[in-house]
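Student: Can you make the complete structure from the sequences, with help from the hints?
Chains as they are written, first to last, in my numbering: chain Z, 1 to 111; chain A, 1001 to 1112.
No lab work stands behind these hints, which were simulated from the structure alone. Heads up, a few of these hints could be off.
[Stated by the list, open to error] In silico lysine to any residue, SDA-like type, Cα no more than 20 Å apart, as pairs:
no.: 1; chain 1: A; residue 1: Lys1041; chain 2: Z; residue 2: Thr24
no.: 2; chain 1: A; residue 1: Lys1040; chain 2: Z; residue 2: Leu107
no.: 3; chain 1: A; residue 1: Lys1040; chain 2: Z; residue 2: Ala103
no.: 4; chain 1: A; residue 1: Lys1041; chain 2: Z; residue 2: Val87
no.: 5; chain 1: A; residue 1: Lys1044; chain 2: Z; residue 2: Thr26
no.: 6; chain 1: A; residue 1: Lys1040; chain 2: Z; residue 2: Tyr39
no.: 7; chain 1: A; residue 1: Lys1044; chain 2: Z; residue 2: Ser3
no.: 8; chain 1: Z; residue 1: Lys77; chain 2: Z; residue 2: Ser111
no.: 9; chain 1: A; residue 1: Lys1041; chain 2: Z; residue 2: Arg108
no.: 10; chain 1: A; residue 1: Lys1041; chain 2: Z; residue 2: Ser3
no.: 11; chain 1: A; residue 1: Lys1040; chain 2: Z; residue 2: Thr5
no.: 12; chain 1: A; residue 1: Lys1041; chain 2: Z; residue 2: Ser85
no.: 13; chain 1: A; residue 1: Lys1036; chain 2: Z; residue 2: Thr5
no.: 14; chain 1: A; residue 1: Lys1044; chain 2: Z; residue 2: Ala103
no.: 15; chain 1: A; residue 1: Lys1009; chain 2: Z; residue 2: Gly41
no.: 16; chain 1: A; residue 1: Lys1044; chain 2: Z; residue 2: Ile106
no.: 17; chain 1: A; residue 1: Lys1040; chain 2: Z; residue 2: Ser85
no.: 18; chain 1: Z; residue 1: Lys77; chain 2: Z; residue 2: Val11
no.: 19; chain 1: A; residue 1: Lys1041; chain 2: Z; residue 2: Glu8
no.: 20; chain 1: A; residue 1: Lys1041; chain 2: Z; residue 2: Met7
The structure presented is a predicted model; accordingly, all values stated were derived computationally and were not measured.
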Amino acid sequence: GDSVTQMEGPVTLSEEAFLTINCTYTATGYPSLFWYVQYPGEGLQLLLKATKADDKGSNKGFEATYRKETTSFHLEKGSVQVSDSAVYFCALTRYGNKLVFGAGTILRVKS
Amino acid sequence: DTAVSQTPKYLVTQMGNDKSIKCEQNLGHDTMYWYKQDSKKFLKIMFSYNNKELIINETVPNRFSPKSPDKAHLNLHINSLELGDSAVYFCASSPRTDHGYTFGSGTRLTVV
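Tutor: Printed below as a string of structure tokens:
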């Protein structure tokens, strides 16, 4: 079945450091890919998405590129802030089916 | 405000009780979902309804029964609550899944 694998956390960075959270997927066909963010005590918010190969999703300084050859959708940000501390989820959906999530990666940013 | 709203936000109850969680969306979306998030933050789909029709029913105990009176509402009723049901339950909706979901803020259920 479809699955998403994310790097294990927690990831701890100092403010203004570069962030990468790795995400790879297993799915047949051409899934749509997403990153969601969950701030403490809140629900999930869609951060960015890409629906076809080589698409780049971007929002709030975060970026991720849909790489079909490596089945990856790594999340990056050039300079993190304390307010970026949250849990980040990579997810996919295929053919209008359910959204399948990775296990989530906790990000902690220190000032 | 356009949103997915679920009530209650917190629910503490004893083992064996029956409880319901309500969800409403005013986004005009056709599809609604229930997800369970465990203590390790892992999210797993439970149910999905499209325009009041059940389309996804994952391996969930029979004690869990969703009900969709109209396409803007999806409620979750849980019978004979067990300790292992303690989790955060999220409602979500989408116009189409490749547009992503809009999530409610969650209901933290604690069974004691």
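Student: Does each hint fit the structure? Answer for all of them.
Tutor: Quick rundown of the hints versus the structure:
1. A:Lys1041 <-> Z:Thr24: 18 Å, holds
2. A:Lys1040 <-> Z:Leu107: 14 Å, holds
3. A:Lys1040 <-> Z:Ala103: Given pair lysine 1040 (chain A), alanine 103 (chain Z) holds - Cα atoms ~8 Å apart, limit 20 Å.
4. A:Lys1041 <-> Z:Val87: It holds: about 9 Å lies between the C-alpha atoms, which stays within 20 Å.
5. A:Lys1044 <-> Z:Thr26: 17 Å, holds
6. A:Lys1040 <-> Z:Tyr39: Holds - the C-alpha atoms of tyrosine 39 (chain Z) and lysine 1040 (chain A) are around 15 Å apart, at most 20 Å.
7. A:Lys1044 <-> Z:Ser3: 12 Å, holds
8. Z:Lys77 <-> Z:Ser111: With Cα atoms ~16 Å apart, lysine 77 (chain Z) and serine 111 (chain Z) stay inside 20 Å; holds.
9. A:Lys1041 <-> Z:Arg108: 15 Å, holds
10. A:Lys1041 <-> Z:Ser3: 16 Å, holds
11. A:Lys1040 <-> Z:Thr5: It holds: about 15 Å lies between the C-alpha atoms, which stays within 20 Å.
12. A:Lys1041 <-> Z:Ser85: 15 Å, holds
13. A:Lys1036 <-> Z:Thr5: 19 Å, holds
14. A:Lys1044 <-> Z:Ala103: 10 Å, holds
15. A:Lys1009 <-> Z:Gly41: 10 Å, holds
16. A:Lys1044 <-> Z:Ile106: Roughly 18 Å between the alpha carbons, so the hint for lysine 1044 (chain A) and isoleucine 106 (chain Z) holds.
17. A:Lys1040 <-> Z:Ser85: Status holds; Cα separation ~17 Å.
18. Z:Lys77 <-> Z:Val11: Within the cut-off at roughly 13 Å; holds.
19. A:Lys1041 <-> Z:Glu8: 12 Å, holds
20. A:Lys1041 <-> Z:Met7: 14 Å, holds
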